[in-house]
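Residue numbers (numbering that gives the first Met the number 0): 0 to 127.
FYI, nobody ran anything at the bench for these hints, they're computed from the structure.
Just to be clear, a hint being listed does not mean it is correct.
Said to hold, decoys possible - Derived EDC-like pairs (lysine to aspartate or glutamate); straight-line CA-CA distance at most 16 Å: (1) K120 to D79; (2) K112 to D29; (3) K120 to D51; (4) K120 to E105; (5) K112 to E30; (6) K26 to D109; (7) K26 to E105.
As the list claims (entries may be wrong) - So the derived label-pair ranges between C-beta atoms look like this: (8) P69 to N92: 35 to 45 Å; (9) N61 to T83: 16 to 26 Å; (10) G40 to P69: 19 to 29 Å; (11) E30 to A122: 25 to 35 Å; (12) R97 to R53: 30 to 40 Å; (13) A18 to G84: 32 to 42 Å; (14) G93 to E30: 32 to 42 Å; (15) K120 to M0: 25 to 35 Å; (16) P69 to G93: 36 to 46 Å; (17) G40 to R19: 33 to 43 Å; (18) H10 to W115: 18 to 28 Å; (19) R19 to D63: 12 to 22 Å.
None of the values given here were measured: they were computed from a predicted structure.
All C-beta atoms, glycine included, are put in the ideal place defined by N, C-alpha and C.
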Amino acid sequence: MTESNLSAIYHGYISCLNARDWPNLGKFVDEGVHYNGSRIGLAGYCEMLEADCRAIPDLAFNIDLLVCEPPRIASRLAFDCTPTGMLFGMPVNGRRVRFAENVFYEFFGDRIKTVWSIIDKSAVASQI
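Make the full structure from the sequences, and use the hints.
Structural data, given as structure tokens:
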């Protein structure tokens, strides 16, 4: 797989997330996906994303930085949103917050097989 092919797949995945197109998530995410060291599978991954979107109705995934070295991608996602209640154990309660997620993906073929994610929770804490 080339860098441009993998980058295009990743952009499709981000579009899928932003469209809340959960039935098509399996086009981008492997059935046996691992998240931060645990096998959660496609169903668990989808449940996690759906819960994030319920907690943050205006959640939009914005690619701030993208480095592609097949079969891996490193991405910095930027968020500017208004969570309805608690976020990362903090009472945000509808206040606008900005934070980033640094995430690494490993692909198997054209699907995400492994995800390692670190969210800048201290950025949220400094805003509330």
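Range hint compliance [Cβ, K120 to M0, 25 to 35 Å]: holds (33 Å)
Hint says 18 to 28 Å; check whether the CB-CB distance for H10 and W115 agrees. holds (20 Å)
Check your understanding: Does D79 lie within 16 Å of K120 when you go C-alpha to C-alpha?
Key -> Answer holds: K120 to D79 is near 13 Å, not above 16 Å.
Quiz prompt | Pair hint K120 and E105, alpha-carbon separation not exceeding 16 Å | solution = violated (24 Å)
Taking 16 Å as the top limit, are the C-alpha atoms of K112 and D29 close enough?
-> Roughly 5 Å between the alpha carbons, so the hint for K112 and D29 holds.
Notebook entry, point to check: Under the criterion that the straight-line Cα-Cα distance not exceed 16 Å, is the pair K120, D51 satisfied?
Noted result: holds (15 Å)
Does the alpha-carbon distance linking K26 and D109 stay inside the 16 Å limit?
holds (8 Å)
(request) Could you see if the CB distance from E30 to A122 stays within 25 to 35 Å? (result) Holds, since E30 and A122 (Cβ atoms, about 33 Å apart) stay within the stated range.
Is it true that R97 and R53 lie within 30 to 40 Å of each other by Cβ? Given about 20 Å between the Cβ atoms, the range is violated.
*Taking the CB of N61 and the CB of T83, does the distance hold inside 16 to 26 Å?*
holds (20 Å)
Quick check on a hinted range of 35 to 45 Å for P69 and N92, using CB atoms only.
holds (42 Å)
Checklist line | Outcome of range test on Cβ distance (R19, D63; 12 to 22 Å) | finding: For D63 against R19, whose Cβ atoms are near 21 Å apart, the range 12 to 22 Å holds.
Checked against the numbered hints given earlier, the structure breaks hints 4, 12, 13, 17 and satisfies all the rest.
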